[in-house]
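Novice: In order, the protein sequences belong to chains S and D. Sequential numbering from 39 applies to the first sequence in the working numbering. Sequential numbering from 10 applies to the second sequence in the working numbering.
One or more of the hints may lead you astray.
[Claimed, not checked] Computed far set for chain S versus chain D, every beta-carbon distance over 10 Å:
no. : residue
1   : Ala-62
2   : Glu-72
3   : Arg-127
4   : Asp-134
5   : Arg-147
6   : Arg-224
7   : Pro-256
8   : Gly-270
9   : Gly-317
10  : Ala-318
[Said to hold, decoys possible] Below, a sample of chain D positions facing chain S; criterion: calculated Cβ distance under 7 Å:
no. : residue
11  : Glu-39
12  : Pro-61
13  : Arg-62
14  : Pro-66
15  : Pro-74
16  : Gln-84
17  : Gly-187
18  : Ser-190
19  : Ala-191
20  : Glu-194
21  : Arg-196
22  : Pro-285
[What the hints assert, rightly or not] Which bits of chain D does chain S cover? Going by a derived footprint, with three or more residues having C-beta under 8 Å, they are:
no. : stretch
23  : 276-282
24  : 291-304
These are calculated hints, taken from the structure and not from any lab test. Glycine included, each C-beta is placed from N, C-alpha and C at the ideal position.
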Amino acid sequence: MSDSGPVQMRSPVLTVRRVDAYHAITVVAPNIAERFRSGQFLAVAVGGEHSGMLLRRPFAIHDVKPDYGGTVEFLFSVAGAGTSWLAERRSRDLLDIVGPLGRPFPLPRDPVNCVLVGGGSGCAPLFPLAQALRRRGCRVDLVLGAATADRVCGSITARRVAETATFVTEDGSFGVRGRVSDPLGRVIEETRSDVVYACGPMPMLRAVTAMADRYELPTQVSVEESMACGTGICMSCVVPIVGDDGITRMARACVDGPVFRGERVRFDDVGTIPFDALGAPGWKAQPDGRGADREAG
Amino acid sequence: MSSDLRIRLGRVELGNPIMTAAGCAGTGRELARFVDIAQMGAIATKSVMLEPRAGRPSPRMAETPSGMLSSIGLQGPGIDVFLERDLPWLLSRGGTPVVSIAGGSAPEYAELARRLSEAGGVAVVEINLSCPNPADQGRDFTDDPAEAARVVHAVRSHTHSDIPVFAKLAPDVADLVGLASACVEARADGLSMVNTIRGMAIDPATLRPAVAGGLGGLSGPAIRPIAVNCVYRARAALPDVPIIGMGGVRTGADVLEFMAAGATAVAVGTVNFADPSACARILREFEESVAGRGVARVSELVGAAHRPTGASLGG
Ligand SMILES: Cc1cc2nc3c(=O)[nH]c(=O)nc-3n(C[C@H](O)[C@H](O)[C@H](O)COP(=O)(O)OP(=O)(O)OC[C@H]3O[C@@H](n4cnc5c(N)ncnc54)[C@H](O)[C@@H]3O)c2cc1C
Ligand SMILES: Cc1cc2nc3c(=O)[nH]c(=O)nc-3n(C[C@H](O)[C@H](O)[C@H](O)COP(=O)(O)O)c2cc1C
Ligand code: FES
Chain S
39 MSDSGPVQMR SPVLTVRRVD AYHAITVVAP NIAERFRSGQ FLAVAVGGEH SGMLLRRPFA
99 IHDVKPDYGG TVEFLFSVAG AGTSWLAERR SRDLLDIVGP LGRPFPLPRD PVNCVLVGGG
159 SGCAPLFPLA QALRRRGCRV DLVLGAATAD RVCGSITARR VAETATFVTE DGSFGVRGRV
219 SDPLGRVIEE TRSDVVYACG PMPMLRAVTA MADRYELPTQ VSVEESMACG TGICMSCVVP
279 IVGDDGITRM ARACVDGPVF RGERVRFDDV GTIPFDALGA PGWKAQPDGR GADREAG
Chain D
10 MSSDLRIRLG RVELGNPIMT AAGCAGTGRE LARFVDIAQM GAIATKSVML EPRAGRPSPR
70 MAETPSGMLS SIGLQGPGID VFLERDLPWL LSRGGTPVVS IAGGSAPEYA ELARRLSEAG
130 GVAVVEINLS CPNPADQGRD FTDDPAEAAR VVHAVRSHTH SDIPVFAKLA PDVADLVGLA
190 SACVEARADG LSMVNTIRGM AIDPATLRPA VAGGLGGLSG PAIRPIAVNC VYRARAALPD
250 VPIIGMGGVR TGADVLEFMA AGATAVAVGT VNFADPSACA RILREFEESV AGRGVARVSE
310 LVGAAHRPTG ASLGG
């Protein structure tokens with residue numbers, strides 16, 4: 039109920055558009071729009087009030103506009119029953135939405151060079167990030183990839199918000215053939231990047247973090263974990279994260295993330311409880327008090 | 010006319026019967042962004058253990074028709090951090106804490122109860138008995154009434170006499186009423202029912218279990234009729250024992266259903282995930298509904314379904 043926290047709204051759908059393989063829904067949600075910072079997401083109820091689909095679906099916020107007091111847009115591809123229901127929404131339908139959720143992308147204090155890397159629908163949150171970085175005088179370069187050409191999102195806007203945009207498809211149907219981490223080294227060198235931001239599937243985030251590491255660049259990654267609540271109360275979305283104190287904790291992707299420092303994510307151990315994580319089986323508190331629980335960073 | 014919403018769980022009075030279910034309200038802080046926690050009858054905490062606990066590998070959940078399977082593994086910071094950080098916070102916000110405890114042996118549960126009693130401010134201690142008992146080949150404490158009774162007895166003996174102790178039971182046991190009676194004989198002041206029901210889903214793409222551990226606990230509206238039946242049977246067998254009823258509560262009408270079956274208080278669990286302001290909405294719906302029926306005191310509703318047809322209600 040604080041002013042900066044998330045809110046729950048019944049928001050009218052303004053427009054539903056098709057953009058290549060994606061659907062874009064814009065809703066009127068002034069309270070969410072005014073609180074939004076890039077990297078945050080929405081949790082959208084699907085299937086109607088009496089639906090058997092109990093859980094909300096998380097979607098990155100792709101765009102926020104001042105129209106009608108504030109609108110919010112998200113992009114999605116149809117993956118299952120929830121997203122197919124969403125794809126059938128029409129303007130003036132009401133959506134039950136909670137947002138903005140999660141820890142946003144931290145922005146650099148100084149005008150530095152930033153490369154933003156997105157895979158599939160993970161490109162969506164990079165556009166408001168690019169705008170926020172530009173407002174701070176940062177240089178922005180984009181590397182956007184997907185399996186096929188129609189899944190590379192925002193290819194038209196990309197050239198507008200970024201100095202350069204490199205497109206990558208696995209089948210080579212658009213731009214460079216391969217994975218986003220392939221051209222990343224070259225982009226980092228050519229644009230003299232200082233920071234890397236990334237959003238997409240876990241293996242992609244791992245490859246991007248490893249590449250940035252080679253250039254000793256810090257990385258901010260936004261992870262996609264399955265979420266039951268999105269608000270931090272169920273503990274279903276955890277990822278092993280190394281804290282400032284060097285201790286690994288099972289951190290919640292929805293409130294401690296979805297944005298984490300790449301080098302703090304134990305990519306090799308995602309899906310497991312690392313043996314040395316705080317509270318892992320056999321784990322023992324250190325006599326010096328190390329391991330007292332604190333939020334992971 | 011507005012109704013008197015107060016109810017009693019043993020020695021403790023709650024302002025209204027609606028509370029959160031253990032493990033479904035975070036520390037209270039997360040939910041407080043959507044619900045005024047001081048307004049709720051009580052806030053049940055995630056089951057707290059002696060040591061910090063990392064929980065189970067992921068994926069930890071899968072959506073199922075009108076419900077979900079979960080296998081969280083009691084991830085939590087342990088009693089020290091709970092007493093230092095979470096309990097004071099709940100109390101500072103005017104929350105009424107029902108503190109759920111979990112352990113691997115009767116002495117562990119007893120130690121937790123002792124620490125909570127000393128801390129002060131705890132309204133109810135709820136014993137989560139759906140925990141593996143290493144001394145019983147890892148079967149849950151609920152799987153053997155004698156083991157469950159041993160834990161209840163240990164907790165009751167180490168808890169301040171002003172704090173009621175509730176035993177929380179899972180529905181999928183051989184003899185629920187036998188288990189409930191064993192807990193009451195071991196001096197449980199009340200029963201919480203139900204915990205999640207063991208279930209499984211197979212991922213259609215990988216043909217592997219959808220939840221990492223294979224087994225998950227089923228919760229949500231899908232289990233409500235099972236939960237209502239459990240409450241009904243326990244009430245019939247033990248009419249003087251207060252019950253905190255739960256399992257799939259989604260609306261104010263569901264609260265009435267549980268109360269009629271025999272619950273004195275009713276907890277909202279999984280639905281908080283789907284609708285973070287659910288508790289406030291359900292309380293509002295419940296208030297409107299009892300006022301509309303002209304119920305003077307909601308405590309009169311408890312066990313209404315057990316009365317002969319035609320018996321008057323409220324007024
Ligand atoms: C923080 C975050 C941001 C996201 N942003 C976007 C976005 O901008 N655009 C987009 O297209 N997709 C995004 N996703 C993925 C999106 O949430 C899923 O595609 C969607 O939940 C699928 O729902 P469904 O009912 O159609 O699929 P089903 O497979 O039927 O869903 C069943 C269950 O699995 C969960 N689930 C399925 N796929 C995923 C997934 N990839 N990630 C997390 N949970 C999943 C669902 O939420 C649901 O609980 C995001 C996920 C997260 C965690
Ligand atoms: C994600 C999740 C975590 C839970 N954690 C606990 C817990 O820590 N202790 C406990 O006694 N019950 C726990 N439960 C069980 C609930 O308190 C409740 O008994 C059960 O889910 C049925 O109610 P519901 O259908 O309203 O969720 C948990 C349930 C879920 C879904
Ligand atoms: S999704 Fe529930 S805690 Fe993150």
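Novice: Would you check whether the claim that Gly-270 (chain S) is not at the interface survives, using Cβ distances to chain D and the 10 Å cut-off?
Specialist: Not fine: 4 Å to the nearest Cβ puts Gly-270 (chain S) too close to chain D.
Novice: How about Arg-196 (chain D): closest beta carbon in chain S under 7 Å, or not?
Specialist: 31 Å, violated
Novice: If I take the minimum Cβ distance from Asp-134 (chain S) to any residue of chain D, is it greater than 10 Å?
Specialist: Nearest chain D Cβ is 8 Å from Asp-134 (chain S), so the label is violated.
Novice: Verify this label for me: Gly-317 (chain S) is non-interface relative to chain D, using a Cβ-Cβ cutoff of 10 Å.
Specialist: The claim breaks: Gly-317 (chain S) does not keep its Cβ more than 10 Å from every Cβ of chain D (closest is about 4 Å).
Novice: Are there three or more residues in the stretch 291-304 of chain D whose C-beta lies closer than 8 Å to some C-beta of chain S?
Specialist: violated (count 0)
Novice: Tell me if the interface restraint on Pro-61 (chain D) is satisfied: Cβ within less than 7 Å of some Cβ in chain S.
Specialist: Hint holds; Pro-61 (chain D) Cβ to chain S Cβ min 4 Å, cut 7 Å.
Novice: When the nearest CB of chain S is found for Glu-39 (chain D), is that gap smaller than 7 Å?
Specialist: 4 Å, holds
Novice: Hint validation: Gln-84 (chain D) versus chain S, beta carbon distance must be below 7 Å. Holds or violated?
Specialist: With Cβ-Cβ at 5 Å, under 7 Å, it holds.
Novice: Would Ala-318 (chain S) pass as off the interface with chain D, using Cβ distances and a cut of 10 Å?
Specialist: 5 Å, violated
Novice: Is the Cβ of Arg-147 (chain S) more than 10 Å away from each Cβ in chain D?
Specialist: It holds; Arg-147 (chain S) is separated from chain D by about 28 Å at its closest Cβ, greater than 10 Å.
Novice: Would you settle whether the hint for Pro-66 (chain D) is holds or violated, based on the nearest Cβ-Cβ distance to chain S being less than 7 Å?
Specialist: 5 Å, holds
Novice: Should the hint that Glu-194 (chain D) touches chain S count as held when the rule is a Cβ pair under 7 Å?
Specialist: 34 Å, violated
When each numbered hint is compared with the structure, violations occur for hints 4, 8, 9, 10, 17, 18, 19, 20, 21 and 24.
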